[in-house]
Amino acid sequence: MNDLEAMYQELILDHARTPEGTGDPAAHPFTHHELNPSCGDEITMGITVDDGVISGLAWEGQGCSISMSSASIMSGLLTGAPVADAQARIDEFREMMRSRGAVEPSEELGDAAAFQNTAKYVMRVKCAMLAWVALEADLKAAAA
Amino acid sequence: MNDLEAMYQELILDHARTPEGTGDPAAHPFTHHELNPSCGDEITMGITVDDGVISGLAWEGQGCSISMSSASIMSGLLTGAPVADAQARIDEFREMMRSRGAVEPSEELGDAAAFQNTAKYVMRVKCAMLAWVALEADLKAAAA
Amino acid sequence: MPTTPGAVARADFPYFAAHPRSVYLDTGATAQRPSAVIDAEAAFVRSDYAAVHRGSSMATGEATGAYEAARERIAGFVGAGEREIAFSENATDALNMIALGMADASAGLGGERFALAPGDEIVVTGAEHHANLIPWQRLAAKTGAALRWAPVDERGLWTIDGLRAATSPRTRVIAVAHVSNVTGQIAPVEDVVQLSREVGALTVLDACQSAPHMPLDLGTLGVDFAAFSAHKMTGPTGIGALYGRAELLDELPPARTGGSMITVVTMEEAEFLPAPQRFEAGTQPVSQAVGFGAAVDYLSAIGMDAIARHEAEIAQSLLAAVERVPGVRAVGPQAGEERGSLVSFIVDGVHAHDVGQFLDDRGITVRTGHHCAQPLHRALGTPSTTRASAGVYSTEDDVDALESALREVRPFFGADR
Amino acid sequence: MPTTPGAVARADFPYFAAHPRSVYLDTGATAQRPSAVIDAEAAFVRSDYAAVHRGSSMATGEATGAYEAARERIAGFVGAGEREIAFSENATDALNMIALGMADASAGLGGERFALAPGDEIVVTGAEHHANLIPWQRLAAKTGAALRWAPVDERGLWTIDGLRAATSPRTRVIAVAHVSNVTGQIAPVEDVVQLSREVGALTVLDACQSAPHMPLDLGTLGVDFAAFSAHKMTGPTGIGALYGRAELLDELPPARTGGSMITVVTMEEAEFLPAPQRFEAGTQPVSQAVGFGAAVDYLSAIGMDAIARHEAEIAQSLLAAVERVPGVRAVGPQAGEERGSLVSFIVDGVHAHDVGQFLDDRGITVRTGHHCAQPLHRALGTPSTTRASAGVYSTEDDVDALESALREVRPFFGADR
Ligand SMILES: Cc1ncc(COP(=O)(O)O)c(C=O)c1O
Ligand SMILES: Cc1ncc(COP(=O)(O)O)c(C=O)c1O
Chain A
1 MNDLEAMYQE LILDHARTPE GTGDPAAHPF THHELNPSCG DEITMGITVD DGVISGLAWE
61 GQGCSISMSS ASIMSGLLTG APVADAQARI DEFREMMRSR GAVEPSEELG DAAAFQNTAK
121 YVMRVKCAML AWVALEADLK AAAA
Chain B
145 MNDLEAMYQE LILDHARTPE GTGDPAAHPF THHELNPSCG DEITMGITVD DGVISGLAWE
205 GQGCSISMSS ASIMSGLLTG APVADAQARI DEFREMMRSR GAVEPSEELG DAAAFQNTAK
265 YVMRVKCAML AWVALEADLK AAAA
Chain C
289 MPTTPGAVAR ADFPYFAAHP RSVYLDTGAT AQRPSAVIDA EAAFVRSDYA AVHRGSSMAT
349 GEATGAYEAA RERIAGFVGA GEREIAFSEN ATDALNMIAL GMADASAGLG GERFALAPGD
409 EIVVTGAEHH ANLIPWQRLA AKTGAALRWA PVDERGLWTI DGLRAATSPR TRVIAVAHVS
469 NVTGQIAPVE DVVQLSREVG ALTVLDACQS APHMPLDLGT LGVDFAAFSA HKMTGPTGIG
529 ALYGRAELLD ELPPARTGGS MITVVTMEEA EFLPAPQRFE AGTQPVSQAV GFGAAVDYLS
589 AIGMDAIARH EAEIAQSLLA AVERVPGVRA VGPQAGEERG SLVSFIVDGV HAHDVGQFLD
649 DRGITVRTGH HCAQPLHRAL GTPSTTRASA GVYSTEDDVD ALESALREVR PFFGADR
Chain D
706 MPTTPGAVAR ADFPYFAAHP RSVYLDTGAT AQRPSAVIDA EAAFVRSDYA AVHRGSSMAT
766 GEATGAYEAA RERIAGFVGA GEREIAFSEN ATDALNMIAL GMADASAGLG GERFALAPGD
826 EIVVTGAEHH ANLIPWQRLA AKTGAALRWA PVDERGLWTI DGLRAATSPR TRVIAVAHVS
886 NVTGQIAPVE DVVQLSREVG ALTVLDACQS APHMPLDLGT LGVDFAAFSA HKMTGPTGIG
946 ALYGRAELLD ELPPARTGGS MITVVTMEEA EFLPAPQRFE AGTQPVSQAV GFGAAVDYLS
1006 AIGMDAIARH EAEIAQSLLA AVERVPGVRA VGPQAGEERG SLVSFIVDGV HAHDVGQFLD
1066 DRGITVRTGH HCAQPLHRAL GTPSTTRASA GVYSTEDDVD ALESALREVR PFFGADR
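Chains as they are written, first to last, in this note's numbering: chain A, 1 to 144; chain B, 145 to 288; chain C, 289 to 705; chain D, 706 to 1122.
No lab work stands behind these hints: they were computed from the structure.
Keep in mind it's a predicted model, so treat the numbers as computed, not measured.
Glycine included, C-beta positions come from ideal geometry on N, C-alpha and C.
Please note that the accuracy of each hint is not assured.
[Unchecked claim] Cβ-Cβ distance ranges computed for the label pairs, FRET-style: (1) D1010(D) with P290(C): 48 to 56 Å; (2) D744(D) with D685(C): 44 to 52 Å; (3) A722(D) with L4(A): 12 to 20 Å; (4) P979(D) with S588(C): 38 to 46 Å; (5) P290(C) with G196(B): 12 to 20 Å.
Okay, chain A solo, but in the shape it has when bound:
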């Protein structure tokens, strides 16, 4: 398996083709739109927070397989998660993505660990981060 195949694992391509968590973000109280101006990828992430837990999440967006699969995998991982845990996962994911693949993901990252290989492609880090950055903005708004 070369770098390219590692990046585009079947897991990632499957999520890109049939993403999870899509829906109407506007149905949730906190929504955030995030755009990657260099490629035009965009996402709108909506969440509901109840008792410190992300009780609902829906997103819509368009973009490359990395940004879409990342949104999908993140949805599965963090829907239902306590806010504090979600923030910790976002932090860990960011750290891994910025490490050019050097930082090993912990078990907590689940399938999102698959993006470790994407981290080697600096121009694609933003793609993988798109949904996570949008979620982080929602969490901030929810905490305010």
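Dock chains B, C and D with the ligands against chain A, hints included.
Using the frame of chain A, we list chains B, C and D with the ligands on its own:
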């Protein structure tokens, strides 16, 4: 005699120290102000033209020894000259100055031939040309 | 023996020595530089470098000579007088100089003939690069002028009729790209100039994608202003050129002010030199000009006619290759029609970013995204395309490599199922 | 062993290998470049060159990385955050970006906090370089603001009291050179910043003559904006830097618009990226950034403290040498007082151009003229001066050579009779 001494011949330095033709340009009907913005040298050249002859000339200005001596030598050469001859001298002087010293001056240029050595110093060509350009502008105005 | 385009030229570029298997199809974004350019600049810096147009030393004289000689050759290369070429940071900067100069004129800061008023119109096309669009939007916003444009069809093409329909007697500027950096469409410049003259507008030509690839004679074309960038012409980054007809360039207010462009300065006000110096405020891109001069020498030695012929062939090959691949469709002119040396395409079911990544893995450098032309992509119905663009060093082997890699893309991403 | 300033550093510069006897005292105009800079740029161009911040290829990724790494090091060099440094064509361009951005703000194009209105005031000094004067004149003309200034005395010096007297509660900008390029006067930046804060004005620092010669910590100094040029810092031409405090830089309207600086563009309008990208329209000076980064690495390896100490000594030597020569008088601070690493002087009875020519013949490169500071020269009562300016490679031998040649000048021109 090295290049520097050739450029700053005694003739040139003498003219720079005690220039000829200075006076009040405004006493003449045609005046032109010429400035070399890169060094601040400037000259105002006034002339009277009677019957196609430069019957009067006076200039004032400040600048380096090259620009001042050139104005002085030109005054001596062209005061009293027919307009057509003056223009021919200006053309010849310009050609010599642009030639980097390659074009030999004719006898007609008189003492102005001394600037042949200045032509080797591209940054000083504008200094030597200053008065001649001003006179040319006057001649143009007089012809109009 | 003079260099010929293609494989022979390729040997002149150290980039390909460092990456022998590289299939570089991104010249539309930026070109590689031949040794002649890199060495000319380095040699100048090593032994002849000094300030330009300042002071009187011999070193300054020599450096100024080198700088002005470069200007002269670049001017000759595009059919301009040397006083008609001002150096800029890049083509974007040159286009901004025009629009910002007109804004200054409109604010009463000189150059009255360039002043716009509410009700005046600026006309562009729907295919413009952002560099030939946003500066005009800003000019319109500052002056109250209106921005109009020729629409593009589903292949991204505009027509002279569409352009004409966008104009009126109030049109003051018509600004178009000579060659679109996305569709490769070649503008009918003569018709555009004629249209401008009919309505009394200025013609601004964005020559970024033509100057590197075809013989260009701006004087004969009769455009009023033009812009191009050295880095797309096998020259250095950090330098471009503004062309303006001499009488216009002397009157356009300089947006950028400072040293080396003035005659008399008091604490209250400043007077400016004529063109081109009035547009070159501050220390000039001196060694870049030397490199730029070497680049046009390099291209001229090969011959722009030969380069244009070569690249026209490559462009048709690229188009044919792309269209042979199932599920891939090109935008822009059809096969056999005139086009610039680039092809942009859409791969059904695969995002352009993923296409680019796959090709990159195969050693093929292309450009993906909106190519600084978002409105055009909106008209094409896709946020991004993949663009393969050729240069003097491109070969049919590059085209073949692209085609075979492209055939693998949809299967790899499962888009063919 | 690390390089030390002076003769050891001189060996790093190919220019001095090509001209072993050259006495280069024109670093204030532009510096020579060490091999480390020339080679870093050439190596990058030979094998790593690609478009930056565009597309997704590996090559683009690497080139973007090199470009951004350069920015980071340059930011660190001047005590700035990396988002606080935008690349420009030169310092002049950077100063214009500020003034033009404020003009755009005043025209209602965003960044309201930067909008000026009639009655507002902009304050400079009578010693400014044209680059830090004319852009403010133009801004005043566009907005109806008034330009005020601290006057200079017969040595060309201004005082903080004079600056204070020029300010009022309507002062919106105070723009001064950190080190005068003619007198060598060092501005009391802390006092200027305090004055700005008292009246609620922005402080703009022209750091062209300080950044290359002394440790600079813009963050600690507390200025709002600053500008400097690579080519005076042993880096390439064609690139400079705009510094702005992060929150200001994100809000200042970008005067130059085009590609690589936008988020969403429609035919009608455009939204811009945050700083620094918003100021870098079009293809960036990529290889120049790599060279600029190598230049600050070069200076840092020697150490700015060591460079400042060395150049302060050279400056005092230059001053003493010049003043020992009969009929020659220096402008600017007196002996023993703090000054930048340059000395400008007047030779009685000999025009500066002739002085420069004579020195040039002796292999000594100095700068003659008004040094882009006409108002200052008017105050000095002379249209031009001769300036000897030092750099990291300057030596006491250079000073000695200048002194002995200078002694010959008045006799040669007969000015001593
Ligand atoms: C004090 C000062 N400000 C501004 C400038 C302008 O710098 P540049 O010409 O690199 O834009 C210079 C140098 O010429 C300078 O010395
Ligand atoms: C058609 C067109 N116009 C303008 C530009 C801008 O050129 P630059 O980025 O060199 O300023 C480009 C290239 O990006 C282009 O292709």
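We went through each hint and held it up to the structure:
Range check, D1010(D) to P290(C): about 54 Å between beta-carbon atoms, so the 48 to 56 Å window is met. Between D744(D) and D685(C) the Cβ separation comes to about 32 Å, which falls outside the hinted range of 44 to 52 Å. For the pair A722(D) and L4(A), the supplied restraint of 12 to 20 Å is violated, since their beta-carbon distance comes to about 47 Å. Roughly 42 Å separates the CB atoms of P979(D) and S588(C), a value that falls within the hinted 38 to 46 Å.
Checked against the given bound of 12 to 20 Å, the beta carbons of P290(C) and G196(B), roughly 55 Å apart, lie outside it.
Of the hints listed earlier, those the structure fails to meet are numbers 2, 3 and 5, in rising order.
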